[in-house]
Amino acid sequence: TSTGATTQNVSLSGTVSLPTSVNLLANPDFDSWTSGKPDGWTLGTTGTVTQSSSTASGSGSALQIAATGTFATTQTIVGPFTSGKQYKVSFKYKVVSGDGTDARIWCNWITSAVGATTTTYAALSLADSLALKGPGGNVTTAYLTDNRTGTWNTYTYLFYPPTNATQFSFQVRTYT
Numbered sequence: 451t452s453t454g455a456t457t458q459n460v461s462l463s464g465t466v467s468l469p470t471s472v473n474l475l476a477n478p479d480f481d482s483w484t485s486g487k488p489d490g491w492t493l494g495t496t497g498t499v500t501q502s503s504s505t506a507s508g509s510g511s512a513l514q515i516a517a518t519g520t521f522a523t524t525q526t527i528v529g530p531f532t533s534g535k536q537y538k539v540s541f542k543y544k545v546v547s548g549d550g551t552d553a554r555i556w557c558n559w560i561t562s563a564v565g566a567t568t569t570t571y572a573a574l575s576l577a578d579s580l581a582l583k584g585p586g587g588n589v590t591t592a593y594l595t596d597n598r599t600g601t602w603n604t605y606t607y608l609f610y611p612p613t614n615a616t617q618f619s620f621q622v623r624t625y626t
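For the sequence shown, my numbering begins at 451 and goes up steadily by one.
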């Protein structure tokens with residue numbers, strides 16, 4: 451890259467859903483783009499994105515990220531959420547290049563009102579907190595599997611929302 455930083459390339463496609471229901475994410479497969487960016491997603495600024503035709507299913511598109519710093523790909527889902535119903539985060543990803551600390555999930559339940567000036571996050575069980583920050587049960591080492599074989603991997607986690615959740619922040623972070 452022009453900055454001299456190592457570029458990490460990660461491609462992804464995701465879902466947040468009730469296990470027996472429709473996907474709650476907008477444009478989860480990154481098929482819809484406007485002005486070079488995937489519709490419905492907030493993107494970081496430390497890197498570039500590309501609409502890739504290399505997908506887990508072999509059709510449609512994926513988001514490819516070339517990060518030069520911590521790069522967040524985020525979508526906030528507004529409730530209401532049903533307490534006692536199980537939700538699922540699942541996405542497919544492929545690490546193209548990197549050093550093993552390239553990407554991880556970074557999700558949170560939000561309890562503050564939609565549009566509030568201060569964001570308040572829900573207290574979660576230790577298991578949910580760690581799993582929604584990456585696989586492996588340790589937030590400092592819970593990076594997504596980096597096999598660089600060209601194979602798509604899947605990350606899935608089932609969980610219940612806290613009773614006072616108003617929003618769910620789905621985020622995948624890519625690092626250099």
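Keep in mind that the hints are not guaranteed to be accurate.
Taking lysine-lysine pairs in the DSBU-like style, the calculated list, with each CA pair at most 35 Å apart, reads [stated by the list, open to error]:
| id | residue 1 | residue 2 |
| --- | --- | --- |
| 1 | Lys535 | Lys487 |
| 2 | Lys487 | Lys542 |
| 3 | Lys538 | Lys487 |
Simulated from the structure, these hints should not be mistaken for laboratory data.
Inset, instruction - Would you list, in rising numerical order, the hints stated earlier that this structure does not obey? - result: none
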